[in-house]
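K.L.:
Below are the chains, spelled out letter by letter.
Number of protein chains: 2
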Amino acid sequence: MNRSHKAETILLREANDDDLELMMAWRSNPIVYRGFYLQREPLKYEEHYTWWKSRRNRKDWIITFQCGEYTRDVGSVHVSSLDSDSPEVGVYIGEVTAWGRGFGRQAVSLVLTWLRAAGYKKARASILKDNATSIGLFEALGFKRISEEHEGEWVCEL
Amino acid sequence: MNRSHKAETILLREANDDDLELMMAWRSNPIVYRGFYLQREPLKYEEHYTWWKSRRNRKDWIITFQCGEYTRDVGSVHVSSLDSDSPEVGVYIGEVTAWGRGFGRQAVSLVLTWLRAAGYKKARASILKDNATSIGLFEALGFKRISEEHEGEWVCEL
Numbered sequence: 462m463n464r465s466h467k468a469e470t471i472l473l474r475e476a477n478d479d480d481l482e483l484m485m486a487w488r489s490n491p492i493v494y495r496g497f498y499l500q501r502e503p504l505k506y507e508e509h510y511t512w513w514k515s516r517r518n519r520k521d522w523i524i525t526f527q528c529g530e531y532t533r534d535v536g537s538v539h540v541s542s543l544d545s546d547s548p549e550v551g552v553y554i555g556e557v558t559a560w561g562r563g564f565g566r567q568a569v570s571l572v573l574t575w576l577r578a579a580g581y582k583k584a585r586a587s588i589l590k591d592n593a594t595s596i597g598l599f600e601a602l603g604f605k606r607i608s609e610e611h612e613g614e615w616v617c618e619l
Numbered sequence: 462m463n464r465s466h467k468a469e470t471i472l473l474r475e476a477n478d479d480d481l482e483l484m485m486a487w488r489s490n491p492i493v494y495r496g497f498y499l500q501r502e503p504l505k506y507e508e509h510y511t512w513w514k515s516r517r518n519r520k521d522w523i524i525t526f527q528c529g530e531y532t533r534d535v536g537s538v539h540v541s542s543l544d545s546d547s548p549e550v551g552v553y554i555g556e557v558t559a560w561g562r563g564f565g566r567q568a569v570s571l572v573l574t575w576l577r578a579a580g581y582k583k584a585r586a587s588i589l590k591d592n593a594t595s596i597g598l599f600e601a602l603g604f605k606r607i608s609e610e611h612e613g614e615w616v617c618e619l
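Going line by line, the protein sequences match chains A and B. Mapping of the first sequence onto the numbering used here: position 66 corresponds to residue 527, and the numbering continues sequentially without gaps. Mapping of the second sequence onto the numbering used here: position 71 corresponds to residue 532, and the numbering continues sequentially without gaps.
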């Protein structure tokens, strides 16, 4: 059997200072940030840098994709509130023409595995109510709306 | 005399394969590419990579900006048609919140110096007729419209 169609596999690597410009470039694209829960305009470097350096109880990864001879960075996934019993997961694929290939879902799945291994029992996500793509992604991984009143808040038993 | 206001100085470094994602992220931002002469949608990595690897008679630099403790990448400048007697210069500041600080103008000025040193006598630029910022930038550096009929084509004696 000759299967020419192969699943595309992503890997996560921890984000570092050298990734700041790339993450800021992705996050400053209106096509990307219109899906964000908090952000309505392009980022300012100084604010982003100050925020980045003051992060606590949070991990950020770069989503990388291996394709033949080259590896490329396509987006970012993070988990925050690691000092709580239900950390919050967020993800974006910054390379907008790479949407729809399952990279975001794979990335969140890896982070849920990481959280489970770290002993957490729950994870949360905040999703804009009209972001159907994100809702589909998180629902497929077991997230449920907390309640009708808080329709942007999602939770997952790990 | 205590001058607290200091000019912000940029440096150019040659772009390499590791800059591809960043350049693509910048160039895939509608706020950026609406100013481009040729491009009406976000870039696709495979096409961008193939184009990048097949570049000839062209140099691309990353515009970097030193600010206190950190250096950051803010945009790109290039020169193409180096096999002609009037190479074409193009520039963009990908970090959109860094617009208006003269980074683009400094970058093009450095490239004109580079072209002069390499023995070229003329440089060209293609600019959308409603891109007032670019027109102002290139005019300030000595570029003039080639003719009324070709209003997007500019030339500069080096």
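In short, the hints are calculated from the structure, not lab data. Check before you lean on any hint, since a few could be wrong.
One copy or two, it doesn't matter: identical chains are merged, so the pair holds either way.
To be verified - Lysine-lysine pairs mimicking BS3-like chemistry, simulated, CA-CA at most 30 Å apart: (1) K520 / K582; (2) K583 / K514; (3) K582 / K505; (4) K605 / K505; (5) K514 / K605; (6) K520 / K583; (7) K520 / K590; (8) K582 / K514; (9) K590 / K605; (10) K520 / K605; (11) K505 / K583; (12) K520 / K505.
K.L.:
Confirm or reject each hint.
P.N.:
Verification of the hints:
1. K520 / K582: within (17 Å within a copy, 53 Å between copies)
2. K583 / K514: Intra 27 Å, inter 46 Å, cutoff 30 Å: intra-copy only.
3. K582 / K505: Close neither inside one copy (36 Å) nor across copies (39 Å); limit 30 Å.
4. K605 / K505: So K605 and K505 fail the 30 Å test inside a copy (34 Å) and across (33 Å) alike.
5. K514 / K605: neither (32 Å within a copy, 45 Å between copies)
6. K520 / K583: Answer is within; shortest intra-copy Cα gap is 16 Å, inter-copy 51 Å.
7. K520 / K590: Answer is within; shortest intra-copy Cα gap is 25 Å, inter-copy 45 Å.
8. K582 / K514: Classified as within; 28 Å inside a copy, 47 Å across copies.
9. K590 / K605: Classified as within; 13 Å inside a copy, 51 Å across copies.
10. K520 / K605: within (23 Å within a copy, 51 Å between copies)
11. K505 / K583: Neither way: K505 and K583 sit 33 Å apart in one copy and 37 Å across, limit 30 Å.
12. K520 / K505: both (21 Å within a copy, 29 Å between copies)
Going down the numbered hints, you'll see the structure goes against 3, 4, 5 and 11, while the others check out.
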